[in-house]
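Build out the structure end to end from the sequences listed, making use of the hints.
2 protein chains.
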Amino acid sequence: MNMVRPSSARRFVSPQDRLLWTVCDSESMHSVLVAAVAEFAVKGFHGATTRDIARRASLSPAALYQHYATKEELLYTIAELTHQTVLSRMETAAVLSNRSGDRLCAVVAAMATFHAEVSVLTRIANNELHCLKRGHQDDVLSLRQQILHVIRKCLADGSSDGSFNVDRLNMMTNAILSMAIGVNRWFAADGQLSAEEVGLYYGRLALTMAIRGLE
Amino acid sequence: MNMVRPSSARRFVSPQDRLLWTVCDSESMHSVLVAAVAEFAVKGFHGATTRDIARRASLSPAALYQHYATKEELLYTIAELTHQTVLSRMETAAVLSNRSGDRLCAVVAAMATFHAEVSVLTRIANNELHCLKRGHQDDVLSLRQQILHVIRKCLADGSSDGSFNVDRLNMMTNAILSMAIGVNRWFAADGQLSAEEVGLYYGRLALTMAIRGLE
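In order, the protein sequence lines correspond to chains A and B. For the first sequence, counting from 1, position 6 maps to 6 in our numbering; every step adds exactly one. For the second sequence, counting from 1, position 121 maps to 336 in our numbering; every step adds exactly one.
These are computed hints drawn from the structure, not numbers from a lab. As the structure is a computational prediction, the values presented were derived from the model and not from experiment. Incorrect hints may have been included.
In silico lysine-lysine, BS3-like type, Cα no more than 30 angstroms apart, as pairs [to be verified]: (1) 258(B) / 71(A); (2) 133(A) / 348(B); (3) 43(A) / 258(B); (4) 286(B) / 133(A); (5) 258(B) / 368(B); (6) 286(B) / 258(B); (7) 133(A) / 71(A); (8) 133(A) / 43(A); (9) 286(B) / 368(B); (10) 43(A) / 368(B); (11) 368(B) / 71(A); (12) 71(A) / 286(B); (13) 43(A) / 71(A); (14) 43(A) / 348(B); (15) 258(B) / 133(A).
Structure representation (structure tokens):
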């Protein structure tokens, strides 16, 4: 897909709008995605109609179909972009840190920060996954496995080198994943803490679990 | 609502079926709820139709309407029962334990165990909440606040008596809630660990966070 960003002067858009831009090559394509996210968030995938999405994007249904042939393709674009982006940020964080502890903290912080920054996108990507076609669902589930693997490997590495005290690797991996994903339930962009501060807190909390193990 | 349990010989039904029985006064009412859960789980609230629910329950749509006037009432029954039950189990666990540490561990274990036992119910209750009517949504959100308050109070009590080392009470409360709720994403009843074992693990992990704080 062509990744040309619109060169408009909209510099202060939300992190969500900015992220959606990365898979658009026109303003109208972008407004379709923004509208789809808003409709899915309020009505769920099945409750949202392409007609409502088109209306919200100030386009005719015919113009919408030039960008996305089906509603399912819209959801797939959102879910794939969301999962790919968080995976890529976590992988980057993993590479930048040398020690096991720093790496786990950085990876979890990246994941939690992302779920705070684009909370609506991640909620849709998670909650509406069952609405995707089989092949598309498989694509997203595969990305999810890779996300899980990044955390799992951090924990396993720290256990091997003696930094961590991990009893039951899979359970702890799932605990950390749930904690980071769960940020999308309650984070408020206008709250006391920034997305990065929340991310760092959860990164450090994951480190506590990994180092201290079970009480 | 009349809480008479059907006196059938079905003693080995799943925890989910058993829980649904507690708000039914007939076998047919129970089969409607079981069918609704199955349809909501696969298709989401908006994707499921009362016709399909009736068919799955081996009832006519007219017979279904004798029990529930609308699909939304079905979802409300499921969401309210689920939230009320977990709240009541957590409150019971809190009362039974004297020391702050034991109490936190028991409360989180009760919550995580419940999300393992009836994972499908809790996923529906959480993911489809936006599909409820305003008043019903408020009822469930109020139960959720009470659930959050049980954890929050455990952490606050342990901080006051010097047992815990909690930096940012709300953040840690949310982390523990997310961890316990997240069990419904991955728990498999036929896996290596029982729901109670998973619950206890997460109870102890919450205790680690509370006692050790941030690394």
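We went through each hint and held it up to the structure:
1. The straight-line distance between the Cα atoms of residue 258(B) and residue 71(A) is roughly 15 angstroms, inside the 30 angstroms bound, and the hint therefore holds.
2. For the hint pairing residue 133(A) with residue 348(B), the CA-to-CA distance comes to about 29 angstroms; that is within 30 angstroms, so the pair holds.
3. A C-alpha spacing of about 14 angstroms is found between residue 43(A) and residue 258(B), which places the hinted pair at or below 30 angstroms, so the restraint holds.
4. As the CA atoms of residue 286(B) and residue 133(A) are separated by approximately 25 angstroms, the hinted pair is consistent with the 30 angstroms bound.
5. Only pairs whose Cα atoms come within 30 angstroms are accepted, and residue 258(B) paired with residue 368(B) is rejected, the gap being roughly 37 angstroms.
6. For the proposed pair residue 286(B) and residue 258(B), the alpha carbon gap of about 13 angstroms is at most 30 angstroms, so the pair holds.
7. As the CA atoms of residue 133(A) and residue 71(A) are separated by approximately 11 angstroms, the hinted pair is consistent with the 30 angstroms bound.
8. The suggested pairing of residue 133(A) with residue 43(A) holds, with an alpha-carbon distance near 19 angstroms, which does not exceed 30 angstroms.
9. Among the hinted pairs, residue 286(B) with residue 368(B) is inconsistent with the structure: their alpha-carbon atoms are about 36 angstroms apart, more than 30 angstroms.
10. As the CA atoms of residue 43(A) and residue 368(B) are separated by approximately 34 angstroms, the hinted pair breaks the 30 angstroms bound.
11. Straight-line distance between C-alpha atoms of residue 368(B) and residue 71(A) comes to about 44 angstroms, which puts the hinted pair past the 30 angstroms bound.
12. This hinted pair checks out: residue 71(A) and residue 286(B) have alpha carbons roughly 24 angstroms apart, not beyond 30 angstroms.
13. Taken as a hint, the residue 43(A) and residue 71(A) pair is honoured in the structure, with Cα atoms around 13 angstroms apart against an allowance of 30 angstroms.
14. Using a Cα cut-off of 30 angstroms, the hinted pair residue 43(A) and residue 348(B) holds, with the two alpha carbons roughly 12 angstroms apart.
15. At roughly 12 angstroms between alpha-carbon atoms, residue 258(B) and residue 133(A) fall within 30 angstroms of each other, so this suggested pair holds.
Checked against the numbered hints given earlier, this structure breaks hints 5, 9, 10, 11; the rest are met.
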